[in-house]
Amino acid sequence: MANEGAGYLGTEGRPGGISSWIFSTDHKRIGILYLVSILSFFVVGVSLGFLMRLELISHGPTIMEASTYNSVFTLHGVVMLFLFIIPAAPSIFGNFFLPIMIGANDVSFPRLNLLSWWFYMAGAALALATLALGPADTGWTFYAPYSLRTGTYVSLAVFAVFVLGLSSILTGINFVTTVHRLRAPGMGFWRLPLFVWAVYATAWIQIVATPILGVNLLLVIAERVFGIGVFDPAKGGDPILYQHLFWIYSHPAVYIMIIPGMGIISEIIPVFARKVIFGYRAIAYSSLGIAGVGSLVWGHHMFVSGSSYTAGVIFSFFTFLVAIPSAIKVFNWVGTLYKGSIVLGTPFLFALAFIFLFSIGGLTGLILGALSINVHLHDTYFVVSHFHYIKFGGAGFAFFAGLHYWLPKMTGRMYNTKVANWSCLVLFIGFNLLFFPMLILGIEGMPRRYFDYLPQYSTLQIVSIVGSWVLVTGLIMMFVNLIRGAFRGPRAPFNPWGSATLEWQIPSPPQRENFEKIPEVTKGPYDFRGLR
Amino acid sequence: MRWAVTGLGHGTDNAFLVIAGVCLILFLLIIGLMSYFVFRYRRSKGVEPEDIHGNALLETAWTILPVLIVLYMFYYGWLGYDARRKVPEGALTIKANGQMWAWSFEYENGKPSDRLVVPEGRPVKVTLNSRDLIHSLYVPAFRVKQDAVPGLERTVWFTADETGEYDLFCTEYCGTGHSQMISKAIVMKESEFTAWLAGTAEAKAAPAPAAPAGAELFKSKGCAVCHTVDGKPLVGPTLKGIFGKKVRVSTAGKEREVTIDEDYIRRSELEPATDVVVGFPPIMPPQKGVLKEEEIKALIEYIKGLK
Ligand code: HEM
Ligand SMILES: [Cu+2]
Ligand SMILES: [Cu+2]
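Residue numbers (numbering that gives the first Met the number 0), protein chains in the order written: chain A, 0 to 531; chain B, 0 to 306.
Please keep in mind that the hints were generated in silico from the structure rather than gathered at the bench. Glycine included, C-beta positions come from ideal geometry on N, C-alpha and C. Incorrect hints may appear among the rest.
Stated by the list, open to error - Think about it this way: if two alpha-carbon atoms lie no more than 27 Å apart in a straight line, the pair counts; the simulated DSSO-like pairs of lysine-lysine are:
hint, chain 1, residue 1, chain 2, residue 2
1, B, K231, B, K244
2, B, K306, B, K220
3, B, K239, B, K296
4, B, K239, B, K220
5, A, K234, B, K94
6, B, K291, A, K234
7, B, K94, B, K188
8, B, K94, B, K183
9, B, K124, B, K183
10, B, K296, B, K245
11, B, K183, B, K239
12, B, K110, B, K218
13, A, K234, B, K220
14, A, K234, B, K287
15, B, K253, A, K234
16, B, K218, B, K231
17, B, K44, A, K338
18, B, K183, B, K218
19, B, K124, B, K188
20, B, K124, B, K94
21, A, K417, B, K44
Said to hold, decoys possible - Covered stretches of chain A (in silico footprint by chain B; criterion: 3 or more residues with CB under 8 Å from a CB of chain B, positions within the stretch not fixed):
hint, segment
22, 227 to 241
23, 356 to 368
Isolated chain B (complex conformation) (with noise of 0.2 Å):
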């Protein structure tokens, strides 16, 4: 077992040590003495078994420890968890995205990002939401993990104590993708961290071009997972060649027909549930709020593109 990198999961480490410990005490006690039993009283020493029916001083005593034994293990597991709750001032605070199937971040000066990169000895808040399902963020080595609740905003707080790169999984299945669902947590000194808030830490000499191109964009926003672009239909229709194309679509539940434009895709990027192509589970996240202007216009022309 790999140590936690985190305060907070030193506690678990530490409450996991002491409780496996008791209770691998406790199974071999079980099992040495039963085997112990099976060999002691086996029949071929042909000696005559003896009726006890109970004893109620053992039994009182088996019952009682066991509940002491117990009291103290729930008290040590609640330790830790209680330090949790409390959010330490001053915490950086990271806005997290679970949407099918993947995580985005977003930092306290709009900075995104598909990692969660954090400082290293500094607390850190992450406020959870999600898009589409119930997620769930799970950082092993920090011992953190927070269901990411449609419509119902989460919190988590941890402070990293090494740096180092980190698996950062979901957790609460969330369909086909759920095991795709990875990314990492990425703890750097805090001058390395602030020079990647700032920008600058990225090797992108060359300017950012000011909207990335559509391809990238459907890559990025996770466009990809669900469609494809030949032809083949995954979790959604492909966009293959759909631009000015026919499709049935069902609206507030009821078929028919329309003919894709720009205002159709625009319309399915950012309220898909308005018109549901046929044949295909209302799943899709909506894209409102997530989006920016030039981002869609880049998009629907990307999606124009495909023949």
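Bound-form chain A, shown alone (with noise of 0.2 Å):
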């Protein structure tokens, strides 16, 4: 990366040791760690999909068994939604802008901060020891009484999360402290840019939601280690408590994934739009709103478990509902491009997509929460597809998005964007090419979690397999340009892309000290008057 006398990234040119990283209590330079490490692991999981996919390309055992399949899809999904997902928008981007983005020089706990850190490490590590050892099968969500009976590392995997959880709660209280306590003079609440009012959001469904997640999981490995009978109905357990406790971290956990990335497009669509953002508050307020409405509606996952008519109904209800603030979100991104003066750089394309991609997501969750239609849907592709649309085409587009704002911020140089923009468009093709077709074999009742499928889904199947290959040759083009920018492209300036928030205000890269002397605030984040 850049060096030359280059800011925090190292002292007189030289970027320092490994251990002036990993001990490194610097937020930008935790933001640098997280990224190399979210990476990493986003490598793998996309392997692990990408053979999956290509299990499926023709009847019976291709390059892996049953079993195999089963630990692959279940590696696959803690990889994506733990080890990338979860973590990616809001330990990268949060840890590296969130502080300077409020005018502060650090975040509130800079030593917990690297202890997050740390624990995320050892998670993975974790997570990553059950493959060697034996990998759990038992798909991400560990449903009783499998988890508690199969022969595979399940205790493991399990502790992995728990540990993974551990950082999470850190990083959220660290985050809520900051937002509250570390603001620079005249950076009020509502002064905050919205990717900061996302990441305190989320922040709090982190603290509040993710214990139960760990209560959870330490009763599965309890009932593993000591046979105590919780969940599993022959030792007098019951299993639909374990899919209350795990939805009802789990589902609000589906905005810890998707609120940061909102947060990133509403940075990304004014700043593009050479104009203030069109309803701020109701932005903001829409990121709290989902927090809220989104711990109310974890018993959609349940509809065909058995759980009581009535429960079933309300859970339906509170879905619909939750729908309202992410619609709200995406009419103000729209009517803020309503007499803008729109330049097309690749973080906007990035955000298109994400525009395109997170409403297809969001208008089939609408279909999946319709009871009667859910009953048909409920564990087929259709899901499958529903909640790639929103992970990957939404959280997963938008962080690209924001690697592609950012990342010339945080390296100081300029990746190539002729490549970037193509990257995009063929990233967008595959995407639809791999996912869309899942929609219509769920429609035809094809299920999830299948190693093999009836002869009438090849089709289908094998376009979606071919999207694959599409989607990872983009991925491919888009990670060898920014690494390539990142390291050996032109110098960056302060501000390429003409944004009015405090990170752009100060050099590329920051200096270790991230402001000289704490700035006075004087004007909304979106105000670009000055600026055009």
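Got two chains here, separate frames each, mind docking them using the hints?
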């Protein structure tokens, strides 16, 4: 990376030894640590997803056995969710930019911040260790009683997720405190950049919901190791209780994944439309709204598990309501484009792709939320497609948009924008080829987590598999371009996009100390007067 | 898409068409406006952007309208769900049982079947149980799905109104054989069904033997899903040549060595959790109340004979 006298990246032109990174309490260096580790795990997750698709290219075992396939989708799910998408935006961009955006020199608890990264790495190491020992084959949901009985290393995988949860809670606490305590003079809550609002709302979900997952996972371990009957009916337990406890966390977790992504999009859209964002307060409030209502919808994962009828109706009702704040955000983004002066920069193209894909994800969510339709589509490929549209097409593309927006600031160097634009297009096409056929497969009744399928599903499966090749090509293009840019690209100016938020008012890359003098904030984050 | 062949399914399909239709319109509206703005207000036109902070009227409208739309969707989805609650009187009751990794069905007269055979035009109530894990009974063409939870009986009902053969899946992940846990739902004319139920329809002219041979039971009862007879362990230990051998088992958490005799085999079939062979997970479903006495005997003989 750029280092000639380059700020936080190095002392006197050298980036410093590894220990100056892994023991650093500088929020920017920790952000880079997360960037490198999270992207590495993303590569692992993508490879697993790619292999899963490849396996289904013909009937019967093609490149692996059924039990291997089951372990692969479990690990794919665990890696993608807990190692990639939950931490990606908050831990990388949140760490790096949240303090700068509010005019602070670091987070409230820098050492706790470093500890979070270590917990994250420990959790990751445990999760990947199962790969060598005998990977869990339960699916990322660890449903009881299967997870209590299978002979694979479930306890270890569950413990890994527990440790990752701990890391997530600590990060959440740090961000909430930082936003409350360290805002620069003049930086009122209504002048916070919307990315900060989003990370703030997310941090609250992390703090409130993650402990429930922790307890649930500990109960699974206790049941496996000590034979206590909590969830296993053979021991007098209740497997439905497991599902409740699991989804009380894991549904809000979906919002932990997407809200920071929405925050990134809210930063990018006004910058490239060159005008103030439409409905700032509505976007900020809707993050909180999602965080609130989102904690009341977990039962929509259990409509056919046979819980009570009334509960089903209530959960469906809240599921529809939680769509409203997301819809409002989309309307506001589109509204911001009205009467703008739109620059088609790479981050903006990714943001447009985000709106397209996220809309499909959200609208298919409405279809799934309708009770009678859910009975048909639950646990089919429709669901697989829906959540990939949300998590990958939504949160993932928002993250890519963020990479293209902020990497020049983080590394001080610019990537090749032409290649970047092409990679966006290839990714977009690949993504839809890969996941759109799955919607139809689901409507036609193909169940998920199937190692093999009936002949009538072949055509669409093959289309989807070819899509995965296109998508992976796009990913390779994008990453090669970004990595080359980070090390060898031309120097990036202070403010390549003409943004108004504070991180763009300091050098690229930033100095070790973000601000020599804490700035006095006098205008809103999307006030481009004087920058146009 | 293939239309549903049950009344409930028609409700689901209608709800799907309406809701998916509204979603499609919303999607086209969002993407259409977005594309139009990006084109119309592009930088190269050189127009000064106009800072618009918000618009109370517009924002209220696009909050309230979607609320109304989703409430309508919620209601529509609920309608089709409500119908699923009330089982009509006089429905034919079929017991369904999930087990790793096969479905079995039992009719009111005690007739067993590995396929779900139902009469056309008559309401059918399926009571679901599971012997081991959670499974889920799913017949896409019926738009019917219900989890089978061990220890908790669940019911679903439907009236199939078109004869034919339809796929029947397990949709709750249940381990290695999950994607093999497939059967058929067969809808027959009433007269055909009556004959089938009485056992006269099957072209088995020869009287069935009182107890089927062990080898056949080994397959039809699902043992072969986890146990081989060729010496290779699968999910469970192989049963080749085990009779008379010594084996290390874990009994109530303590390891001990036992010799495999008839009693041991019987115990392992009926209460497999009592002695679990070391190195294998305790996941075999107990067959107590499932196997009849003659069947147990036949299986023991069969296993004894596996050399
Ligand atoms: C190259 C890109 C990807 C491919 C080819 C891919 C493919 C797949 C496939 C085929 C399944 C299994 C469907 C099934 O049998 O039920 C799956 C499951 C899953 N994927 Fe992906 N995926 C990709 C990226 C992602 C990303 C980016 C995320 C999250 C951010 C993600 C999260 C998940 C989750 C949570 C599951 C469920 C695992 C489970 O059932 O336990 N995937 N993926
Ligand atoms: Cu959910
Ligand atoms: Cu299954």
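We went through each hint and held it up to the structure:
1. The suggested pairing of K231(B) with K244(B) holds, with an alpha-carbon distance near 16 Å, which does not exceed 27 Å.
2. In summary, the hint linking K306(B) to K220(B) is supported, as the alpha carbons are separated by about 21 Å, within the 27 Å threshold.
3. Pair hint K239(B) plus K296(B) holds up; C-alpha atoms about 18 Å apart against a cutoff of 27 Å.
4. Among the hinted pairs, K239(B) with K220(B) is consistent with the structure: their alpha-carbon atoms are about 18 Å apart, no more than 27 Å.
5. For the suggested pair K234(A) and K94(B), the alpha carbons sit about 24 Å apart, so the restraint of at most 27 Å is met.
6. With a C-alpha separation of about 25 Å, the suggested pair K291(B) and K234(A) falls inside the 27 Å cut-off, and the hint holds.
7. For the hint pairing K94(B) with K188(B), the CA-to-CA distance comes to about 20 Å; that is within 27 Å, so the pair holds.
8. A threshold of 27 Å between alpha carbons decides the hint, and for K94(B) with K183(B) the separation of about 15 Å falls inside it, so the pair holds.
9. Restraint check for K124(B) and K183(B): the C-alpha separation of about 17 Å stays at or below 27 Å, so the hint holds.
10. Simply put, K296(B) and K245(B) have alpha-carbon atoms about 21 Å apart, close enough for the 27 Å limit, and the pair holds.
11. With a C-alpha separation of about 32 Å, the suggested pair K183(B) and K239(B) falls outside the 27 Å cut-off, and the hint is violated.
12. For the suggested pair K110(B) and K218(B), the alpha carbons sit about 18 Å apart, so the restraint of at most 27 Å is met.
13. Straight-line distance between C-alpha atoms of K234(A) and K220(B) comes to about 24 Å, which keeps the hinted pair within the 27 Å bound.
14. A threshold of 27 Å between alpha carbons decides the hint, and for K234(A) with K287(B) the separation of about 17 Å falls inside it, so the pair holds.
15. Using a Cα cut-off of 27 Å, the hinted pair K253(B) and K234(A) holds, with the two alpha carbons roughly 18 Å apart.
16. Straight-line distance between C-alpha atoms of K218(B) and K231(B) comes to about 17 Å, which keeps the hinted pair within the 27 Å bound.
17. For the given pair, K44(B) sits about 11 Å from K338(A) by alpha-carbon distance, which is consistent with the 27 Å threshold.
18. Taking the CA atoms of K183(B) and K218(B), the gap is about 18 Å. The hint holds against a cut of 27 Å.
19. Using a Cα cut-off of 27 Å, the hinted pair K124(B) and K188(B) holds, with the two alpha carbons roughly 17 Å apart.
20. For the hint pairing K124(B) with K94(B), the CA-to-CA distance comes to about 8 Å; that is within 27 Å, so the pair holds.
21. Distance hint between K417(A) and K44(B) is fulfilled; the C-alpha atoms sit about 22 Å from each other, no more than 27 Å.
22. Counting residues of the segment 227 to 241 of chain A whose C-beta sits closer than 8 Å to any C-beta of chain B gives 4, which meets the bar of three, so the coverage hint holds.
23. With 7 residues carrying a beta carbon less than 8 Å from a beta carbon of chain B, the segment 356 to 368 of chain A meets the three-residue requirement, and the given coverage holds.
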